[in-house]
Structure formats: structure tokens, C-alpha cells
Amino acid sequence: AQSVTQLDSQVPVFEEAPVELRCNYSSSVSVYLFWYVQYPNQGLQLLLKYLSGSTLVESINGFEAEFNKSQTSFHLRKPSVHISDTAEYFCAVRGLQGAQKLVFGQGTRLTINP
Amino acid sequence: EAGVAQSPRYKIIEKRQSVAFWCNPISGHATLYWYQQILGQGPKLLIQFQNNGVVDDSQLPKDRFSAERLKGVDSTLKIQPAKLEDSAVYLCASSLDLRGARDTQYFGPGTRLTVL
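Protein chains in written order, with this note's numbering: chain W, 2 to 115; chain X, 175 to 290.
Hint data in this document are derived by calculation from the structure and do not stem from the laboratory.
Only a predicted model underlies this, so the values are computations on that prediction, with no experimental measurement involved.
Every residue gets a Cβ at the ideal spot worked out from N, C-alpha and C, and that includes glycine.
The hints are all genuine.
Part of the chain W face toward chain X, derived, beta carbon under 10 Å:
| id | residue |
| --- | --- |
| 1 | Val5 |
| 2 | Gln43 |
| 3 | Gly44 |
| 4 | Leu45 |
| 5 | Leu47 |
| 6 | Arg95 |
| 7 | Val104 |
| 8 | Gly106 |
| 9 | Gln107 |
| 10 | Gly108 |
Listed next, the in silico BS3-like pairs over lysine-lysine satisfying Cα-Cα at most 30 Å (straight line):
| id | chain 1 | residue 1 | chain 2 | residue 2 |
| --- | --- | --- | --- | --- |
| 11 | X | Lys257 | X | Lys236 |
| 12 | W | Lys79 | X | Lys218 |
| 13 | W | Lys102 | W | Lys70 |
| 14 | X | Lys218 | X | Lys189 |
| 15 | X | Lys189 | X | Lys257 |
| 16 | W | Lys70 | W | Lys50 |
| 17 | W | Lys102 | W | Lys50 |
| 18 | W | Lys50 | W | Lys79 |
| 19 | W | Lys102 | X | Lys236 |
| 20 | X | Lys185 | W | Lys102 |
| 21 | X | Lys218 | W | Lys70 |
| 22 | W | Lys102 | X | Lys257 |
| 23 | X | Lys257 | X | Lys185 |
| 24 | X | Lys252 | X | Lys236 |
| 25 | X | Lys252 | X | Lys185 |
| 26 | W | Lys102 | X | Lys245 |
| 27 | W | Lys50 | X | Lys218 |
| 28 | X | Lys218 | X | Lys245 |
| 29 | X | Lys252 | W | Lys102 |
| 30 | X | Lys252 | X | Lys189 |
| 31 | X | Lys218 | X | Lys236 |
| 32 | X | Lys218 | X | Lys252 |
| 33 | X | Lys185 | X | Lys218 |
| 34 | X | Lys218 | X | Lys257 |
| 35 | X | Lys218 | W | Lys102 |
| 36 | W | Lys79 | W | Lys102 |
| 37 | X | Lys236 | X | Lys185 |
With these hints in hand, go ahead and build the complete structure from the sequences.
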């Protein structure tokens, strides 16, 4: 079984400041890792994912996350945030075997202040 | 490409009443998921279908919740009777092929249920 812990329920930052959203996971098997974003009144959208290969993965809108196996972490970062990044961010894991379900963290609400 | 469609978007009912939600997945997606997202929590999987067969319903409260996907396309999730603690957003997602864990799940906008 897997579990995901997002260490911050809310993160307020100023526009153009850097941000890091923390995610730690626990699993007895190897996993795939995901970050989803949920904008107000919308469904979840995949932001980025780690499947294999390079431990640093990037999204098209400037976010990146690094898989750290020894620390069982997959923290999300952006060097300079915009008002439009205001949303809730969910970290999720899924076991490598096909039938394994997606397990989500509690979510981190990112608020960007002008 | 059309996304995952859900209806209704909002529903308010009184406890002990029944309610049903509908989901139309992305065309060609074999796998369909229903999640429950309680305020302040991440989504929790309720049931997972592969075509019209159930793959995982271990977290579905079967005494009051039921779901079906009769023709392997659309799906309905029903709650009968509803309790106050069922107030949540119900999310439907679909993916191309369950057999690959690399498969990306695409989510619908959700149905926000309020039980009074």
C-alpha cells in the first residue's frame, strides 16, 4: 500500500517569488509519481509525472519536480510564480503494476499575492 | 478532443434521499474511475472499471453506494440513502489502458454534492 503526505496545507507567496510545494510518500514497492493541479471550479489536470529516467521532470508552464528515492520525496518547484498559478496542487503515487490505484495527498493550496 | 463529461455539476439533497451522477469518459478510454473528494482532502478512489467490469471497489461503501458501466462507455454512480458525510465532490476520470501504470488519468469537472 502507498501513502502520500503533503507537508503544507496552504502556501502563500508573492508574485514573481520562488515556491516549493513539498511531497513525501511511503510505499513498499516502486512507484510512479505525479503532480496534479486543480484550478477553482475545475477538475484535476496532470501537471507533470515521473515514470523513469531523469529524476528531474518539467512541465510546460515552468514547474519542475525532482524524484529523490533516498528521501522518498517529489517536491514541486517554480522559480517565479504568477497570479495564474493560484490553485490547489495534489501529489499522487501509483504502483508500477498496472492495476495499482492512484493515491493522492491532501493537497496544498497555493495563493499568489500581488 | 472532448474531455470527461459529468453531470450534474451541483446537487443539493436532504439526508436519506437518493442521488445519481453520470459520467461520459473520453472516447476510446477503456478504464473509468470514480473518486470522492471531501473538502480539505485529496481524492479517494471509490471504484475502477475496465470496460464494463469492476477492477477495484474495495473502498466503495456498498451498503449505500453503487456504480455501473453497462456498455463499457458511460457510467453512473448512485447513493441511496445519502448521509451527511457523503457531502463531497465526486470526480470521474478515464484512461486509455489499465494494463499500463504509465497511463494518464484525465479528470472531469466533478459533481459537488451537498447533503443537508
